[in-house]
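Colleague: With the hints as a guide, bring the two chains together.
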Amino acid sequence: MEPDKILEYWKSYENRLDEVLVLHRGNSLDITRMKMRSMLRSMSPVKVFAITVGIVWVIVVDAFLLAVDQASIFFLVSMTIQSLITKIAIGIYVYQLVLVYKLDVESPVAQTQHRLGKLANSTLLATRILFLQLPLWTTFFLNSQMIENAGSLFIILQSAITLSFTIAAWWLFKNIRWENRNKRWFKLFFSGIEWIPILRSIELSREIELLNNGIEATN
Amino acid sequence: MQEESKENRFINVLESHKGILYKVASSFCRDETDRDDLVHEIIFEIWRSLDRYDARTKYSTWIYRISLNIGMSWKRRESRRPKSINSADKVLLLISDGEQNHENDTAINQLHEFIRELRELDRAIILLYLEEKPYREIATILGLSETNISTRISRIKTELKKKFQHEKKKEYGT
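Just so you know, the sequences run in chain order A and B. Per this note's numbering, the first sequence starts with residue 1, numbered consecutively. Per this note's numbering, the second sequence starts with residue 1, numbered consecutively.
These aren't lab readings, by the way, just hints derived from the structure by calculation. The structure presented is a predicted model; accordingly, all values stated were derived computationally and were not measured. We treat Cβ as the ideally placed atom computed from N, Cα and C, and that holds for glycine. Certain hints may be false.
[As the list claims (entries may be wrong)] Pulled from the structure, derived: some chain A residues nowhere near chain B, Cβ distances all over 12 Å:
no., residue
1, Y9
2, K11
3, I51
4, V53
5, I55
6, M79
7, G91
8, F131
9, L132
10, M146
11, I156
12, T162
13, L172
14, I176
15, R177
[Said to hold, decoys possible] Keeping only pairs whose Cα atoms sit at most 27 Å apart, straight-line, the calculated DSSO-like set for lysine-lysine is:
no., chain 1, residue 1, chain 2, residue 2
16, B, K157, B, K169
17, A, K183, A, K47
18, A, K187, B, K75
19, B, K133, A, K11
20, A, K102, A, K47
21, A, K174, A, K47
22, B, K157, A, K5
23, B, K162, B, K75
24, B, K6, A, K5
25, B, K162, A, K11
26, B, K75, A, K118
27, B, K169, A, K11
28, A, K11, B, K75
29, B, K58, B, K133
30, B, K168, B, K157
31, A, K5, B, K170
32, A, K47, B, K75
33, A, K5, B, K169
34, B, K161, B, K133
35, A, K5, B, K161
36, B, K161, B, K75
37, A, K183, B, K75
38, B, K58, B, K75
39, B, K163, A, K11
40, A, K187, A, K47
This is chain B alone, in the form it adopts within the complex (with noise of 0.2 Å):
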């Protein structure tokens, strides 16, 4: 009995926070594949510490921690990480048929690859400052202070308007 309300209230919280998961993992993979180990991995730590889940933390707080650190090991792991054996037929989160925004996918698209290209801390601080979170969950979610948050996220901002300068450079010819 114990077994299976565990079980329900892992599908519940991947369920309400399943955003956190994707746009993590989108932030640390470009190929779709990856995300999807990706998030194999989080939603599997997600499993094993659900049972030391301390109510007095926020679950969007505790997954963001889980994710992100499942993120950024995951990613220093890249270039020796064994392919993923009989879990390509396990998609975990899927984006139904709908109609797309192309003129704001490619922006979005932009966005994650500028976001992709930042500092392992710096790409999980913008994250959570584009989820508008505030300055102080920000700081307990990362264990930073918030003026360390604050000046850091000054710099990030700063770096990815130079990008997207540059880019509209590009474009243009100039």
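Chain A with its partners taken away, still in its complex shape (with noise of 0.2 Å):
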């Protein structure tokens, strides 16, 4: 093919199609019956998965701190703010399952990828939060009698490992974020096929977003 004639092919290849494409009428309004039943199949089932799993999580924790009589300090802060960071990231799955299903799709191209693209960034932002409990996890089975009768040794590994865990869940909190993507420690969390329409929705609305600041975005 000449490219100076691809439109001169186009045309005829529409002129064809209005010739020989046929609407099959029926099927139409059987169609959008059931992929109103699918639609629930269609949303991420990682995400589904998560959500649930996360919700029943979070009753068993508050219900045992709300039951227990006797605990050490270390492991009702700990659980707290575990339990806090968990429905924080499980708000955002639930807005971000509710905003799709109420996408606006008839909206101009560039403002609906645009929105997909952000409300991709907010999973991100999910993950950055679960990050956060990482230290809580070295923290939440200490009690005062253990680090009373611990020797000197005990504490200072202990500390030591809270101390790493914090320094990498801070860390892990100020970078995972979309610009980081083409880093290895990156692509090793995120490289699951979870990940991939993600990172594409983020990168469309990076485009979106330079194109209509007058910038050309550079392959």
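Modeller: Pasting the structure below:
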């Protein structure tokens, strides 16, 4: 095909399509009914699973925290914060599912895709927030008696581990951003198939932002 | 009664704009089954959105927006999309048997292939350009400025030209 003739070829393709393309009217409405039923199936299964497990976990932890009479202060504080962090993440995921369902696909393409990109970015935000709980898993089992009876080696080791996890959690919270997507550690965390549409969506959203700011994105 | 007229309206809209559905789906899908799946998703969204349709917008503009938005989102999800269930026998758009111009088919298939290799936004822009939509209308559908559209089209055409030239060299073994 000659590049200068692509409009010509497309026109002839279009004319032929007008002649041969047939709409199966009977199936049109059947398809809309089937799609309505399959909508839930089309939601991200991993996300739905994560929300379900998260809700069950939070209910169990909160119920336990309310029911327990005597518990170490380390346990109470660690699990209360952990429960709060999980609730925030669940809230973000549920908010996303609602927004995706209500998304206005009739809006101009750039606007819709930009909104989807922002939604996708909030998935990264939820992940960042979830990592903040890392240090809590090094402290929830402690109690005053353990610390009083422990030797200095245990205290040094415990402090070092908790500090390391705190630094790691903070570092991940600061650095899990789309801008770092080409870094090796980022690819290690976010290489699953669930992440591909999210990262692509953010990429398109950024491209649109650049376009709207008058900057042509380069490959 | 109101429900019935919505159904009639829905079918009439699809009938009048079936070409858009087919062309957008072909731009995002090589495989026939995938194309049918995408068409199903698009018409489902058209059905859901029909009550909100604003008559100040042309139907073609409205359908292009829905189709391209669904097409782009659908394409991103292709790595984890569940196979459609129960819709395999519910084909919506059919190509009736007829005389085919084989030479043009090869050329069009090649053009479709090159379009599918473009980035999502570029794919939408070139499709609307090939449909001979004025830049203003393309800008309205996509929500970008006419300047951006014009610059992008120029770049895409250069990219397509390179692809065709490369293909020609391969064909002639140079």
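Colleague: Which of the numbered hints above does this structure break?
Modeller: The structure breaks hints 1, 2, 24; every other hint is satisfied.
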